[in-house]
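Protein chains: 2
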Amino acid sequence: MAESDSKLKLLGTWASPYAIRVKIALKIKSLEYEYYEEKFSEGKSELLLKSNPVHKKIPVLIHGEKPICESLIIVQYIDETWSSCGHSILPSDPYERATARFWAAYLDEKWFPALKGIGMAQGEEARKAAMAPVEEGLVLLEEAFGKCSKGKPFFGGDQIGFLDIAFGSTLGWLKAVEKMNEIEIFSEAKTPALLKWADNFCSDAAVKDIMPETEKLVEFGKIIAAKMKAAAAAPPPK
Amino acid sequence: MAESDSKLKLLGTWASPYAIRVKIALKIKSLEYEYYEEKFSEGKSELLLKSNPVHKKIPVLIHGEKPICESLIIVQYIDETWSSCGHSILPSDPYERATARFWAAYLDEKWFPALKGIGMAQGEEARKAAMAPVEEGLVLLEEAFGKCSKGKPFFGGDQIGFLDIAFGSTLGWLKAVEKMNEIEIFSEAKTPALLKWADNFCSDAAVKDIMPETEKLVEFGKIIAAKMKAAAAAPPPK
Chain D
5 MAESDSKLKL LGTWASPYAI RVKIALKIKS LEYEYYEEKF SEGKSELLLK SNPVHKKIPV
65 LIHGEKPICE SLIIVQYIDE TWSSCGHSIL PSDPYERATA RFWAAYLDEK WFPALKGIGM
125 AQGEEARKAA MAPVEEGLVL LEEAFGKCSK GKPFFGGDQI GFLDIAFGST LGWLKAVEKM
185 NEIEIFSEAK TPALLKWADN FCSDAAVKDI MPETEKLVEF GKIIAAKMKA AAAAPPPK
Chain B
5 MAESDSKLKL LGTWASPYAI RVKIALKIKS LEYEYYEEKF SEGKSELLLK SNPVHKKIPV
65 LIHGEKPICE SLIIVQYIDE TWSSCGHSIL PSDPYERATA RFWAAYLDEK WFPALKGIGM
125 AQGEEARKAA MAPVEEGLVL LEEAFGKCSK GKPFFGGDQI GFLDIAFGST LGWLKAVEKM
185 NEIEIFSEAK TPALLKWADN FCSDAAVKDI MPETEKLVEF GKIIAAKMKA AAAAPPPK
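From first to last, the protein sequence lines are chains D and B. Heads up: take any position in the first sequence, counting from 1, add 4, and you land on the working numbering. Heads up: take any position in the second sequence, counting from 1, add 4, and you land on the working numbering.
Looking at chain D on its own, in the form it has when it is part of the complex:
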C-alpha cells in the first residue's frame, strides 16, 4: 500500500480555526478521513495525549501511524503528500510561497491574538484599545491581499491557497466577535477587498460545509466569556 493511501484520522474540535484549516485542505485534496471530536469537558483524549505529547493540542492529523501536529505544518504536509490531488495549496513560485508563509505567521503570531483580545476586553474603553492593533493589522492585510491576489478572488489567485486557508479559517470567529461586540471588523469603507474575499472564501465549495455557523459560535463564545468572568471574580487560591 502506498504511503499516500494509508488511513487518515483527524483530531479536532468543531469551533477551532486551526482544525478548520486542516478540514479545508483535506477537502481540497478530496481525502476521506475519520474525524475525532475532542470533548474538553471530558478531558483530553488518550489519543490526543499520545499523538501530540509536546503541545497536547488539536489539530493532529494521523496518517497511518504517523501523527502530524500544528495546523500550518499539517496543511503543508497534505499539499506535499497529495501533490497530484486537487489543486496546489502552496504557490509554486518560491517567492510567493515565502510571502504566503510570512503572512500566515503574522496572522498566528500577531493578528489572531489581537482579535482574541477584543473578545476578552471588559468594558468600552478596553474594547477600543483592543481594536487598535486589529485595525492596524487590517491595513497591512488589505494591502497584502492586493499584492498576492493580483486582481483574482483569492490570496492564492483563482483558487483557495495557503494564506486563504490560514486567514479564512478564522472568519467564523471574526463574525462572532463582530456580533457579540456590536462592531464592524471588515467594512466596505476600510477593507473592501477583504470583505469581498471573505464572501468568496465562505461560499467556496471547499469551505461552505466546514465553516461553523456564526450563531453557534456566538453561543459558545458567551459560555467562554462567562467562564472567564467567573474565574476573574473568584478569590485567588490560598
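Hints should not be assumed to be uniformly reliable.
As the list makes no split between identical chains, a pair holds if one copy fits it or if it spans any two.
Below, a list of computed lysine-lysine pairs in the DSSO-like style, where the Cα atoms sit at most 30 Å apart [as the list claims (entries may be wrong)]:
#1 Lys60 with Lys226
#2 Lys132 with Lys183
#3 Lys61 with Lys154
#4 Lys43 with Lys226
#5 Lys70 with Lys156
#6 Lys61 with Lys11
Just so you know, these hints were derived from the structure itself, not from any lab.
Fit chain B to the known structure of chain D by using the hints.
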C-alpha cells in the same frame, strides 16, 4: 538574467542566531551576497525599515528587489530557489519535512525563550527556576535527535539540514549562557547525543567560520545584562 542569478543582500547583526541561520543556508548553497551589519546603536537602517516594515527586524534577505523576512522562511526560500546548488536543506520526504518544521517551531516558540530566561534570571533561585523548562525541552530534543538522525551525525542525516540550522544557530549563545552562569546545559550525562551533535555542527565547513566566538558573545551578553539591570533599577518615567 534568471531570477536565481539576481544579486543578494543580507541584513543581519553578528550576534543574531536568526541571521546565522541565513548565513549557513547561503554557505551550503555557495551563494555570494553583500552583507549589511545593522548597528542598533545608530538606530535601525532605512534599508531595514523599508525591507521589513511589518516587524522591522533582521534578518532580511533581499533577492534582486524582493525582500524575504523571518529566518526559517528565508532558509526555505533559499533551499527552494537554489534547489540544484549544494545539498537539499529540507528533507525530501514530506513526513520528515513536517517533523523538522515541527521541532524548528518548537525551538522558536518554546525552547529559545526558555534559554533567554536563564540569561535574564537574577539570583540563584530564579536561575534554577529558569533552568527547569530548558531541561524539560532537552529531554524532548535529545529524543528527537535519535529519531531524526537515525544514527547519523545530524538531524538531517549525513548533512546539515533544516532542523540542524534552526537549532545549531543558537549554539554560540548556549555556550555563552553556560559560561556566564557557570552551568552546564548540554552534558555527557543528560544529553550525550546533542553534545556530540553540537561538536559535529560547529566544526562543519558550512558553519565553522560563521559561528561567533563564545568569548565575544559573553562580552556582549554582559553589556546587555548591565543595560537590563540599569533599566530595572531606574525610577519609572513620570
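Status of each hint after checking the structure:
no., hint, in the structure
1, Lys60 with Lys226, "within (25 Å within a copy, 37 Å between copies)"
2, Lys132 with Lys183, "within (15 Å within a copy, 47 Å between copies)"
3, Lys61 with Lys154, "between (36 Å within a copy, 27 Å between copies)"
4, Lys43 with Lys226, "within (18 Å within a copy, 49 Å between copies)"
5, Lys70 with Lys156, "between (37 Å within a copy, 22 Å between copies)"
6, Lys61 with Lys11, "within (21 Å within a copy, 42 Å between copies)"
The structure agrees with every numbered hint stated previously.
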